[in-house]
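In the order they appear, the protein sequences are chains A and B.
Positions 1 to 109 (our numbering) are the ones given, in order, by the first sequence.
Positions 1 to 113 (our numbering) are the ones given, in order, by the second sequence.
If you're looking for bench data, these hints aren't it; they were derived computationally from the structure.
What you are looking at is a predicted structure, and each value in this text was computed from that prediction instead of being measured.
A couple of the hints might just be wrong.
[Stated by the list, open to error] Derived SDA-like pairs: lysine to any residue, alpha-carbon spacing no greater than 20 Å straight-line:
#1 B:Lys-27 with A:Thr-103
#2 B:Lys-44 with A:Thr-8
#3 A:Lys-57 with A:Lys-108
#4 B:Lys-44 with A:Thr-23
#5 B:Lys-44 with A:Tyr-48
#6 B:Lys-44 with A:Asp-5
[Said to hold, decoys possible] Quick list of simulated restraints, FRET-style, between CB atoms:
#7 A:Gln-19 with B:Arg-14: 45 to 53 Å
#8 A:Pro-109 with B:Arg-64: 45 to 53 Å
#9 B:Val-99 with A:Ser-65: 18 to 26 Å
#10 B:Gln-50 with A:Asn-21: 19 to 27 Å
#11 A:Lys-76 with B:Val-83: 43 to 51 Å
#12 B:Gln-50 with A:Phe-45: 35 to 43 Å
#13 B:Thr-113 with A:Val-50: 41 to 49 Å
#14 B:Arg-14 with A:Thr-44: 41 to 49 Å
#15 A:Ala-93 with B:Glu-63: 23 to 31 Å
#16 B:Arg-64 with A:Thr-23: 41 to 49 Å
#17 A:Lys-68 with B:Gln-80: 41 to 49 Å
#18 B:Pro-8 with A:Ala-39: 31 to 39 Å
[Unchecked claim] If we take Cβ atoms under 8 Å as the criterion, some of the chain A residues that face chain B in the derived model are:
#19 Asn-30
#20 Ala-39
#21 Ala-42
#22 Phe-45
#23 Tyr-48
#24 Leu-74
#25 Gly-94
#26 Thr-98
#27 Phe-99
#28 Gly-100
#29 Gly-102
#30 Met-106
Virtual Cβ for every residue (Gly too), placed ideally from N, Cα, C.
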Amino acid sequence: GQNIDQPTEMTATEGAIVQINCTYQTSGFNGLFWYQQHAGEAPTFLSYNVLDGLEEKGRFSSFLSRSKGYSYLLLKELQMKDSASYLCASNNAGNMLTFGGGTRLMVKP
Amino acid sequence: NAGVMQNPRHLVRRRGQEARLRCSPMKGHSHVYWYRQLPEEGLKFMVYLQKENIIDESGMPKERFSAEFPKEGPSILRIQQVVRGDSAAYFCASSPGGVGEQYFGPGTRLTVT
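Let's have the full structure, built from the sequences with the hints guiding it.
Now the structure itself:
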């Protein structure tokens, strides 16, 4: 079966760095997505990792280790607007996304 | 280039009624996916469609739920005889091909009273 695990909630301070971890056990793995979702809104794309390693995009970076079934999303220079849920999703055979429960990040001043 | 469009944004139905949710994919996208998000939970895959074809409906409840993506017009997710447990946000996503990033619409929030 498919299983995605990520912490339910995290709290961090404005200006700091936070790392959100995700572990997955899926079949037919095609890559790992991270989406951001503000309350009551649609998920918006942040990153897509297919190969092992770190992908950097501005303040956000994402890492993947396929052998360990592990990914993380790194957010630097946190801003208040980064308070949101961060969804880890594996892309499986047939292109369906299997989502974790999401990590609710609260950024405090 | 307009994004994925869904309507209605909010839908209220009484138990036993039918709900019809519409999704227009991004221009040039022929792959459509429906996901359901229950309150305080993650998104769950329901169905994957291409024009006139259901590719994968493994996440769709066997009864009362159906989906289509006709040659012309939007994709439709239809829920017959709604029950309170159907209250959720239903998101549609589209992609240009069968692999890679999926772009999400704003969702339809269904409330069953």
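Check your understanding: Within 45 to 53 Å or not, the Cβ separation of Pro-109 of chain A and Arg-64 of chain B?
Key -> At roughly 47 Å between Cβ atoms, Arg-64 of chain B and Pro-109 of chain A fall inside 45 to 53 Å, so the hint holds.
Review point. Taking the CB of Thr-113 of chain B and the CB of Val-50 of chain A, does the distance hold inside 41 to 49 Å?
Key: Because 44 Å falls inside the window, the suggested range holds.
**Study point:** Interface hint status, Ala-39 of chain A versus chain B (Cβ within 8 Å)
**Key:** violated, 11 Å
Practice item. Evaluate the given range 31 to 39 Å for the C-beta pair formed by Pro-8 of chain B and Ala-39 of chain A. Key: violated, 20 Å
Practice item. Could you check the hint for me, namely that Lys-76 of chain A and Val-83 of chain B are 43 to 51 Å apart, CB to CB? Key: The hinted range 43 to 51 Å holds for Lys-76 of chain A and Val-83 of chain B, with Cβ atoms some 45 Å apart.
**Study point:** Restraint check, 8 Å cut-off on beta carbons, for Tyr-48 of chain A near chain B
**Key:** holds, 6 Å
**Study point:** Hint validity - Ala-42 of chain A Cβ closer than 8 Å to any chain B Cβ
**Key:** Hint on Ala-42 of chain A: holds, closest Cβ of chain B at ~4 Å, below 8 Å.
Review point. Is Lys-44 of chain B within 20 Å of Thr-8 of chain A, Cα to Cα?
Key: holds, 17 Å
**Study point:** Phe-99 of chain A as chain B interface residue, shortest Cβ-Cβ below 8 Å
**Key:** holds, 4 Å
Check your understanding: Should the hint that Thr-98 of chain A touches chain B count as held when the rule is a Cβ pair under 8 Å?
Key -> Hint on Thr-98 of chain A: holds, closest Cβ of chain B at ~7 Å, below 8 Å.
Point to revise | Leu-74 of chain A as chain B interface residue, shortest Cβ-Cβ below 8 Å | key: violated, 20 Å
Check your understanding: Under the criterion of a CB-CB separation shorter than 8 Å, is Asn-30 of chain A in contact with chain B as hinted?
Key -> Holds, about 6 Å.
Against the hints set out earlier in the document, violations occur for numbers 1, 3, 10, 12, 14, 16, 18, 20, 24 and 30.
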